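Asks: Chain by chain, the residues run as shown.
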Amino acid sequence: MDPAPVAQAFSPTVTALGIWLGALLTLAIYSFLYRDNPIYKLAEHIFVGVSAGYYVGVTFWDTAVPKIWQPLFDPIAVGRDRPDWLVIPPALLGLLIFTRFFPRAAWLARLPICFIIGAGAGVAIPTAVQAFVLKQVSSTMVSLYPHEAGQKVAQSLIGGAQNLLLIVGVIAVLCYFYFSKAHRGALGVGARLGIWLLMIAFGATFGNTVMARISLLIGRLRFLHEDWGPMVGLGPEMARGLHAQPWRFAVAGAILLALLALLVRYERRAAARQPEATEVEE
Amino acid sequence: MNIWERLQRIDRRLIFVLIAAVVAVPLIWPPQPQLQISPPTRQVYDFLEKLEPGSVVAICFDYGPSSAPELDPMAYAIIRQCLTKRLKVLVMTLDITGKQMKTHALNRVVRQVQQEGVKVVGGEDYLDLPYQPGYSAVVLGMGEDVHKVYPVATADGQQQPIGAWPLMGRVRTIRDIALIVDLASSNTPSMWVAYGGSRFGAKIAAGVTAVMVMDYYPFLQSKQLVGLLGGMKGAAEYEQLLGKPSIGMSGMGGQRWGHLVIIAFVLLGNIGYFAARRAARRAAQAPEVG
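In the order they appear, the protein sequences are chains A and B. First residue of the first sequence: 5, per the numbering used here; consecutive thereafter. First residue of the second sequence: 1080, per the numbering used here; consecutive thereafter.
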């Protein structure tokens, strides 16, 4: 079987509508780079509303239905031959969370919260200590001459130098975060080295952050170029059978010009309002 | 305002326009850069290459559309490598926004490899596990019985009880999965390391957004991760290793020029700052005339 891509699961008209909506909302969000404006605000509010709606819908259909409803009333759908009554106690415990809406019974919400915190801490603490503390500490206890059979001496020396850097780095950064004693003498030297190493790490993090943000821009530009572009007579190919025609280009141009006109009008009105506000202040 | 002060007050909109331009041009005319493969990326590739055909690889899509430009190319490349190497693929998600991402990525790559003549069958070679809430509870449950955590699964749009799929005959617990690759935009790789790796001894690899990659290097050092892909560069490196340049690689031209523009503006701003400070100091030291 040759599964269809998601876009082909819908009719061309619905696909086109979705792509147009995505393109206009993308441009609306990027209009913030020029200045805050009502079109940006509209897109932002749509995003918040749609996200909240999506989460509620998916949580209901992918959590409440398969975890509570189907085990009780449609067990075959979840691969069982009889109802699973054991889901009732946790479901009731979960429902108690909603008692927060009723002041007199609000204290009942503490019961599921107690269970979540107790079970969560019980599961998480030993595992976290093992995985994030003991294992990490033991990984800093490394040989300064990690020689293996068949390895060249030079390679072992380089490995040793890397391990030395690791040990010195860990100790220096720990010195920086040791605040019970003044950073003078040997502790001061260690702390100074520690802050340099931290600065290098922050620099690398900033570089990665730049890469991540540019990646997001690339993602949006690719969408505009490869998905929306063909619909308005631009882009690399006529995608998904939605052939570009002159009227598409004209409609796209008209909509973009209308958006631009709205922004210019907003800009002028904002500029006109500014002197009035200044006069009132005076 | 002298030139040094102007350098510190460049209109930010000019910077935005320049970055947009240098990022957009390579998308229209993509270059073919040769990347130096970083060891953490190669480790993931080599690990999968060394697996026996028929081994099961689980790919966990813990990201939503907002991180797709960075993580989708990784997903496509890894699924492609698995299917062409005759490895079995399970796609899953612990993140509510990942459910569409996993299905879309699996369908896309399956369609591509089938068009290239690779014979893959839904339910035997790949399977789509549904979203399950609970993060750590899901991983702990997989350590005991995957079939209990996932009572049903889907292949080619058809949902069946999990035991009915031939692929799941090979998988009972997390230990039957040769590698779990977590593609994430949140801290789920830490959770896989803690519960899947430390508790059950599962092999974990991660593909994360570039912002997060620094947080996961310590897990490479401690060998809690078998490898790590970081951001779009990690994805592009993987595509190069596979010999199938795709959307990750095509984005690297924009990355290169975008970075150069940002470095140029950082340098200009700093030159302006230090020169203006020096000029101000000189002006303060100069003897007053008259």
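Among the clues, some could well be false.
[To be verified] Chain B residues, not near chain A, derived (Cβ > 12 Å throughout):
id, residue
1, W1083
2, Q1087
3, F1126
4, S1146
5, K1178
6, T1252
7, V1292
8, G1348
9, F1353
10, A1358
11, A1363
[As the list claims (entries may be wrong)] Computed Cβ-Cβ distance ranges for the label pairs, DEER-style:
id, chain 1, residue 1, chain 2, residue 2, range
12, B, P1109, A, L202, 19 to 25 Å
13, A, E230, B, V1197, 44 to 50 Å
14, A, G257, B, P1109, 43 to 49 Å
15, B, L1093, A, A123, 51 to 57 Å
16, A, I80, B, D1294, 41 to 47 Å
17, B, A1359, A, G26, 45 to 51 Å
[Unchecked claim] Covered by chain B, according to a simulated footprint, are these stretches of chain A (three or more residues, beta-carbon under 8 Å):
id, region
18, 201 to 209
19, 256 to 270
Hints are computed from structural coordinates only; laboratory data are not their basis. Small disclaimer: the values here were computed from a predicted structure and weren't measured. For each residue, glycine too, the CB sits at the ideal point set by N, CA and C.
Asks: Taking the hints in turn, state whether each one holds.
Replies: To see whether the hints hold, each was checked on the structure:
The non-interface label for B:W1083 is consistent with chain A: the shortest C-beta to C-beta separation is roughly 24 Å, beyond 12 Å. Interface exclusion of B:Q1087 from chain A stands, the closest Cβ pair being 19 Å apart, more than 12 Å. With a least CB separation of 19 Å from chain A, B:F1126 remains clear of the 12 Å interface cut-off, as annotated. At the 12 Å boundary, the C-beta of B:S1146 falls inside the reach of chain A, the nearest C-beta of that chain being 8 Å off.
The non-interface label for B:K1178 is inconsistent with chain A: the shortest C-beta to C-beta separation is roughly 7 Å, within 12 Å. The beta carbon of B:T1252 is kept farther than 12 Å from every beta carbon of chain A, the shortest such distance being approximately 17 Å. At the 12 Å boundary, the C-beta of B:V1292 falls inside the reach of chain A, the nearest C-beta of that chain being 6 Å off. Once the 12 Å rule is applied to beta carbons, B:G1348 is consistent with being away from chain A; the minimum gap is 14 Å.
Separation of B:F1353 from chain A is adequate, the least Cβ-Cβ distance of about 18 Å exceeding the 12 Å criterion. No Cβ of chain A comes within 12 Å of the Cβ of B:A1358; the nearest lies about 27 Å off, and the non-interface call holds. Taking the minimum C-beta to C-beta distance to chain A, about 30 Å, the non-interface status of B:A1363 holds against the 12 Å cut. Our hint of 19 to 25 Å for B:P1109 and A:L202 is violated, since their Cβ atoms are close to 38 Å apart.
Between A:E230 and B:V1197 the CB atoms are about 25 Å apart, so this pair departs from the stated range of 44 to 50 Å. For A:G257 paired with B:P1109, a C-beta distance near 27 Å fails the hint of 43 to 49 Å. The hint said 51 to 57 Å for the Cβ distance between B:L1093 and A:A123, and at roughly 54 Å that hint holds. Look at A:I80 against B:D1294: about 44 Å separates their beta carbons, and that is inside 41 to 47 Å.
In this structure the hint that B:A1359 and A:G26 lie 45 to 51 Å apart at CB holds, the actual value being about 49 Å. Under a criterion of three residues with beta carbons nearer than 8 Å to beta carbons of chain B, the stated coverage of the region 201 to 209 of chain A is upheld, 3 such residues being counted. For a cut-off of 8 Å, the count of residues in the region 256 to 270 of chain A with a CB near a CB of chain B stands at 0, and the three-residue condition is violated.
Figure legend: structure checked against the earlier numbered hints; hints not met, in rising order: 4, 5, 7, 12, 13, 14, 19.
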